[in-house]
Amino acid sequence: MIDIKLYFAILIGKIISYTIKIFRGGATSAPGLYALKIDPLLIKKLSKQFKYGSILISGTNGKTTTSRITADILSSKYKIIHNRQGSNLIRGIASTLIQQSSFWGKINSNLGLWEIDEAVLPEAVYNLRPKFIALMNLFRDQLDRYGEIDHIREKWIKTIKSLKEDTQLVLNVDDPGISILAQYHKGKNIYFGINSKKINLPKILQVVDVKHCLMCGSSLIYSTFLSAHMGHYKCSKCNFKRKNPDFFAENPVFKTDFSTSFDLCNQSDHFQLNYSLPGLYNIYNVLGSIAIANILKINSQTIITKINNFTAAFGRFQKVRIKDKKIIIFLIKNPAGANEVIRTISIKKTINLLIILNDKIADGKDISWIWDTNWEMLSTKIKNIYLGGTRALDLAVRLKYSNINLSNKDIYKDINYSINNLISSLNNKDTLLILPTYTAMLEVQKALFNVDTKAKWHNQ
Amino acid sequence: MAQPVIFNICHLYPDLMNTYGDNGNIITIVKRCQWRGIDVKISNVSIGQPLSASDFDFFFFGGGQDKTQIIVGKDLIQKAKKLIAAINNKAVLLSICGGYQLLQNYFKTKEGEIINGISLFDAYTAGSKERMIQDLLIEIDPELQNEIKNVYPAIEQSNCLTNLIGFENHSGKTYLGKNSKALGRVIKGAGNNNEDHTEGAVYKNAFGCYLHGSLLPKNSHFADYLISKALERRYGPIKLKPLDDSLEWKAHNWMVDRVRNQG
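In order, the protein sequence lines correspond to chains A and B. So for the first sequence, the numbering used here puts the first residue at 1; every next one is plus one. So for the second sequence, the numbering used here puts the first residue at 1001; every next one is plus one.
Do not take every clue at face value.
Lysine-lysine pairs mimicking DSS-like chemistry, simulated, CA-CA at most 30 angstroms apart [claimed, not checked]: (1) Lys-1067(B) / Lys-211(A); (2) Lys-1241(B) / Lys-400(A); (3) Lys-1031(B) / Lys-333(A); (4) Lys-234(A) / Lys-186(A); (5) Lys-44(A) / Lys-164(A); (6) Lys-1108(B) / Lys-158(A); (7) Lys-365(A) / Lys-1129(B); (8) Lys-51(A) / Lys-164(A); (9) Lys-158(A) / Lys-131(A); (10) Lys-413(A) / Lys-1250(B); (11) Lys-79(A) / Lys-297(A); (12) Lys-413(A) / Lys-365(A).
A few chain B positions that, by computed beta-carbon distances, are all more than 10 angstroms from chain A [stated by the list, open to error]: (13) Ile-1087; (14) Thr-1109; (15) Asp-1122; (16) Lys-1149; (17) Leu-1176; (18) Tyr-1235.
Hints in this document: simulated from the structure, not taken from any laboratory. Every value quoted in this text rests on a predicted model; they were computed, and no experiment measured them. Virtual Cβ for every residue (Gly too), placed ideally from N, Cα, C.
Taking the hints into account, I'd like the entire structure generated from these sequences.
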């Protein structure tokens, strides 16, 4: 059948995409945006041809890393199409499809893997009719864009209620706001979580977004807090409680070189994993990927090898060596994520730190969250600290109230200047940790490239 | 200040009403007291816990999500009498967003449901479809400006003491009753309702507003005003020791300039 509308949409999308390439632009959403105006059903039509359907991965924190680990594992068996560039809105999905498609709409993949922004999950489900949906967590994030996390969850519940039985949900049982979603699903649910009651990271005061049972409104009782409102909980009144996960982590060990090990268990088996990603979040990211890979019948040995050799997604945890100096970048974008980063880096004895706070739209224009973040924890560890970004001054005030001493010369709004200064003042044996917000991360990449075009990007 | 000075803070529903970094207000009060050698005691009072309101010099009541706000609203009615008595006895209170709304006469949701408040402020809020999310800059009520000038010890900044800067994020529109005074006049942003240019409300030493951000670290003159008012009640007029607020003012002024120059 000839679908003129679709062919025309693909053609326009491709033309825009080539034009952007010629001018070396970075926008990955424009081709999809305009193509969807021509054929709003483009995603529906193109995604139908995947033999094994589509997988969606969403949540506040970890969706990029989880998608990348999952892609890495699944590519051993499937031909995957994946919005790897990270444009996780509807138009980003359309752009990816257009890029991979022939002029006649033929795509040479048999499985779609899509990282999806929390707010557009309903639309993505409508367009992609996924076979699997993995939901990682829900935290307050850029509230100036979304309103409240309760609103997001309500949207998700509505979407889940509309799912057919043959869709499987992959859910994080440690987040009560995620595990509750199983109650609304007619099909199968697969659960993952961390079973250990203690972890070797310092305790940190956390902002908790879920305090009450989402079934009956009574308070939740936690026997273990792992991070923010994630942990082992049960309702004080009704029978809502953390379920036993199908895939779980035991005995996690976080090492000072920012690698991690844990025992991966299911009901019948267990294996040790050893991989070079730091912190608690990445355990969830790894577990989510394993659950998906398992459903899609990848064998355990392949999964273990892939995870042990995985290197992080752009900027999430990225090691760079420039002029013999070691630099590690940790993206920070909301209090829950930033608190985990702080906790992760606080296992170091001394810290050289550059924090960059921007308040552009992609960062979130509201920077109040810096007051929900436990900078206090770093006050005794900091050897050198520098601040940058559009809201460097607000950050400086925050750190002043966390007992971290700063002088005027440590604060520069201009990122290039801070980075040049820092690199020249750093000893060769020191490691510089950079904590940028999203747009600051992009600027950091550019600035580092300017300093040394031969920079070794370890993890790209 | 011969006798040891203790500053007693009551944080209302800290476990439930803590969105948008409102905790920064408590951090700021605590630090600014400690830097002056004033001891601070914080008591957290939440659902089902008794409120011995007369023990406290300062109450803080932050914002929450809609759902938790309903749970808190029901409990607050039990505590209303004591809290209002404390305010009538000159205790200081700062409430923001959800907390501010619950201290009014009532909140009418978009669907028309009425959630009763405790009428500390003669005002009501009506849910709307518009979400007001942006930087919020106001000019403080002139009378209050004068009081702040008399109290804030770093006088070299006296020409900057006229504004408050913060970030608003609400869909409720607040309308003040005739017995109410606004905290200030909106210069940039929506404020109470995006219609009459008022922002916040004042009753005695109780203040309500939509300024997140957090408010007090961004506006050290207002933080010091609240501290001095709260101490005055127990210890008589107090001259606060000046602190080096140059960094706070740099951040404040930079943001005020940026917001003013926005189209």
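**Asked** Has the given pair, Lys-79(A) with Lys-297(A), been kept, meaning a C-alpha gap of at most 30 angstroms?
**Response** With Cα atoms ~14 angstroms apart, Lys-79(A) and Lys-297(A) stay inside 30 angstroms; holds.
**Agreement of Lys-413(A) and Lys-365(A) with the hint, judged by alpha carbon distance not exceeding 30 angstroms** = This hinted pair holds, its Cα atoms lying about 16 angstroms apart.
**Request:** Would you mind confirming whether the straight-line C-alpha gap from Lys-413(A) to Lys-1250(B) stays at or under 30 angstroms?
**Result:** At roughly 13 angstroms apart (the allowed maximum being 30 angstroms), Lys-1250(B) and Lys-413(A) satisfy the hint.
**Prompt:** Going straight from one Cα to the other, do Lys-234(A) and Lys-186(A) come out at no more than 30 angstroms?
**Reply:** 23 angstroms, holds
**Prompt:** Beyond 10 angstroms from every Cβ of chain A: is that where the Cβ of Asp-1122(B) lies?
**Reply:** 28 angstroms, holds
**30 angstroms limit on alpha-carbon distance, applied to hinted pair Lys-1241(B) and Lys-400(A)** = Given that 30 angstroms is the threshold and the Cα spacing comes to 18 angstroms, the pair holds.
**Prompt:** Is it true that the CA of Lys-1067(B) sits at most 30 angstroms from the CA of Lys-211(A)?
**Reply:** 11 angstroms, holds
**Prompt:** Are the Cα atoms of Lys-51(A) and Lys-164(A) separated by 30 angstroms or less?
**Reply:** 18 angstroms, holds
**Asked** Does Lys-131(A) lie within 30 angstroms of Lys-158(A) when you go C-alpha to C-alpha?
**Response** Cα-Cα ~17 angstroms, so holds.
**Asked** Should the label of Thr-1109(B) as a non-interface residue stand, given a Cβ cut-off of 10 angstroms to chain A?
**Response** Holds, since 14 angstroms exceeds 10 angstroms.
**Request:** Would you check whether the claim that Tyr-1235(B) is not at the interface survives, using Cβ distances to chain A and the 10 angstroms cut-off?
**Result:** Given that every Cβ of chain A is farther than 10 angstroms from that of Tyr-1235(B), nearest at about 25 angstroms, it holds.
**Request:** Mind verifying the non-interface call on Ile-1087(B)? Its CB should be farther than 10 angstroms from each CB in chain A.
**Result:** Since the minimum Cβ distance to chain A is about 26 angstroms, Ile-1087(B) lies beyond 10 angstroms and the statement holds.
Checked against the numbered hints above, the structure violates none of them.
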